[in-house]
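Use the sequences and the hints to build the structure in full.
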Amino acid sequence: MDAVWNTRYNTGIHIIDEQHQELFATVDRLRKSVQGGSAREEIEALLSDLIQCSERHFSTEEAFMAKFGYPDLTQHVSEHASMLTSLHELHAKFRESPHALALMVPTFMEGWLKHHISDGDFGFVTFLKARNLA
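According to the working numbering, the residues represented by the sequence shown are 4 to 137, in order.
Derived from the structure by calculation, the hints contain no laboratory data. Possibly wrong hints are sitting among the right ones.
[Said to hold, decoys possible] Simulated restraints on C-beta separations:
#1 Thr63 with Gly114: 44 to 54 Å
#2 Ser121 with Thr63: 13 to 23 Å
#3 Gly126 with Gly40: 36 to 46 Å
#4 Asp52 with Glu99: 32 to 42 Å
The C-beta atom is built at its ideal place from N, Cα and C for all residues, glycine as well.
Now the structure itself:
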């Protein structure tokens with residue numbers, strides 16, 4: 004199954020939606036690279052890109068949430084930190100055993116993204132809409 008962007012993940016916040024799409028596209032490139040038997044260096048570069056995209060996106064989201072006084076910001080930041088820890092751990096494990104972990108990363112990331120957008124990010128969107136801020 005490809006990590007494909009779906010409009011049901013639209014938050015209505017342009018920069019957030021663009022970054023979500025970028026994350027899905029990076030996960031999809033990673034999956035295709037792994038399935039296509041790409042070189043270890045290419046896969047590792049895509050993993051690094053995924054981590055950088057995630058860090059940039061989380062920073063953007065957290066800044067938006069702080070700006071508008073989102074009450075669940077602390078929980079959301081905690082989820083982001085946990086995800087980044089997991090990604091860094093998976094990246095380190097990939098360096099030790101590329102074949103065993105290569106397919107786990109895109110599957111893990113895709114599942115996390117879908118859950119996080121649906122449960123976490125839409126809570127923020129609901130908060131903004133209730134205050135006529137979105």
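When the hints from earlier in the document are held up against this structure, which numbers fail?
-> 1 and 4
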